[in-house]
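**Student:** Sequence:
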Amino acid sequence: MHLPELRPFHAHYVSALPEATSDLLFVFVDELCINNKTLQNFYLENLDTSLNFTISSLVSLGDFEGKWLQSSVSLSLNPQIAKRIVLIGTGKKDDFIPARSRQLGIKLAELMLALKAVNVSCLCSSFLLQSKEQLIQLSLGASLGVYKYPNSNARAEEVSSVKLPLNIYFVHEKFIDNAFMKKTSILERSLNLCRLLQDGPPNIVNPKYVAHHISQEAFELGLQVNVFGATQLREMGFGAMLAVGGGSAQEPQLVVVEYKPENYTKTLVFVGKGLTMDTGGYSIKTPSTNQEGMKYDMSGAAVCLSSVMAIAKLKLPIRVFAVGALCENMVDAHSYRVGDVLTSYSGKTIEVIDTDAEGRIVLSDALHFAAKDLKADYIVEYSTLTGAMIIALGHVGAGVFAFDKKLEETVISASEQTGERAFAFPVWDEVAQEMKGTISDLVNIGTTRRAAGSMAAAAFLKEFVDDVPYVHIDIAGVADGNSSIGYVKKGGSGYGVQLSVEIARQLSQS
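The numbering of the sequence shown is the numbering used here, which starts it at 635 and goes up by one.
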């Protein structure tokens, strides 16, 4: 089965307005460019003249003040340039952070779709859109905004409209070059791949489906791919992962993608939790509404496996593995149970206190594989691991639990560069001690149950990476329903793709 087709979206980067008339002309305006209902910007004044004073008319009436995400739509007084003019406010310069450029792109896409426009020009006239990275984020925001997982039973006319291409011409006097356009296109494709895997229904997006499509993507790029099924995992000794997947009719899959440039000095391994459906097992999620959205429990794997494609296309000088640990946590006669003692790939034993704390069990095998078999210099792991993370940071940022100061600094720096919010937490020894077992080496839930739940989970995972510099990134709150600046609010967010690429870039230069 093929990945669903998205509506064609074409971003063009040009230094002047296209000759053809646009359905919409978007103009970004700072709040600082307006004073006493008068334009105070030379560039905008010249543009306004060519538009027969459409912009100044809106400003003079007080309809538009340039406030953050404020918009105003008007018929153009020069239909040769555009049929309609849309002003979007970018607020004040001191309020601006990188993710806001992405948020402007989402707003642009929202208005474009609402007004049923297919050919749009966008004048990047704001003081706040004057760097390459800001323009990349603007374009990515537009792509995030027009993305829509296809309806599986759409009417013919809906299918026809979805196939109609969308064209956006981003107009800027500077920064329009091949490298800029290439990076934007690469990130856009990996974000779309990640979101398509996240948003698909779990009866379709099962472990083999993900393995199949990631393998196809990787083969097209000439990357090495290994997929280990249940038989191989049993031979390898992946007792923890197999226990979690034991109750499902869908066979677990460990997907390993390798990007190996000619010259590299370090090996970075991304590891992702890939529960394509999580019922909670015998510790079943109740009420049943708690199972809604559990298809997003594979987001960590989606992020890692999508990110390595972008890293390979960008040809970053660092060897990168992406490991997706994919399985389902279901209820069946073969399901693992509370009280079971499992033997992980590392040889360490785990007593199961709660079958709904399954992600850390699956990751225990994958992390040790990364440390031992892939000989990682760094391990970065993503997982939708704990509800406690949502209590701590809401749906605004990810929690970072690092066991290496340099790696923590790299992740936080990458977060600041990409606008993918993250916050570093400690892992205290007192909490880590709670993960020690009595009839096993470890327990999968601490003695105080869910208290300090995110910290306890991180301490558990650290037990499986030996001495390799390691960071656990808990994306439970941001993988879907992301409400941070610069993200769509519904469905898979693709959070982590840009973060991973920037982490790889920074580590390749260290």
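Rather than coming from a laboratory, the hints here were simulated on the basis of the structure. Honestly, I wouldn't trust all of these hints.
[Said to hold, decoys possible] Calculated cross-link-like contacts (lysine-lysine; reagent style DSSO-like; alpha-carbon spacing at most 30 Å):
1) Lys919 - Lys900
2) Lys900 - Lys1096
3) Lys947 - Lys1124
4) Lys900 - Lys1006
5) Lys1009 - Lys1123
6) Lys782 - Lys842
7) Lys894 - Lys1039
8) Lys1040 - Lys817
Fair warning: this is a prediction, and the values are worked out from it, not measured in the lab.
**Student:** Evaluate each hint against the coordinates.
**Tutor:** Hints versus structure:
Distance hint between Lys919 and Lys900 is unfulfilled; the C-alpha atoms sit about 41 Å from each other, more than 30 Å. Our distance criterion of 30 Å between C-alpha atoms is met by Lys900 and Lys1096, whose separation comes to about 21 Å. Restraint check: the Cα-Cα separation between Lys947 and Lys1124 comes to about 28 Å, which is no more than 30 Å; the hinted pair holds. With a C-alpha separation of about 15 Å, the suggested pairing of Lys900 with Lys1006 holds against the 30 Å cut-off.
Restraint check: the Cα-Cα separation between Lys1009 and Lys1123 comes to about 38 Å, which exceeds 30 Å; the hinted pair is violated. In summary, the hint linking Lys782 to Lys842 is supported, as the alpha carbons are separated by about 23 Å, within the 30 Å threshold. The straight-line distance between the Cα atoms of Lys894 and Lys1039 is roughly 26 Å, inside the 30 Å bound, and the hint therefore holds. Straight-line distance between C-alpha atoms of Lys1040 and Lys817 comes to about 26 Å, which keeps the hinted pair within the 30 Å bound.
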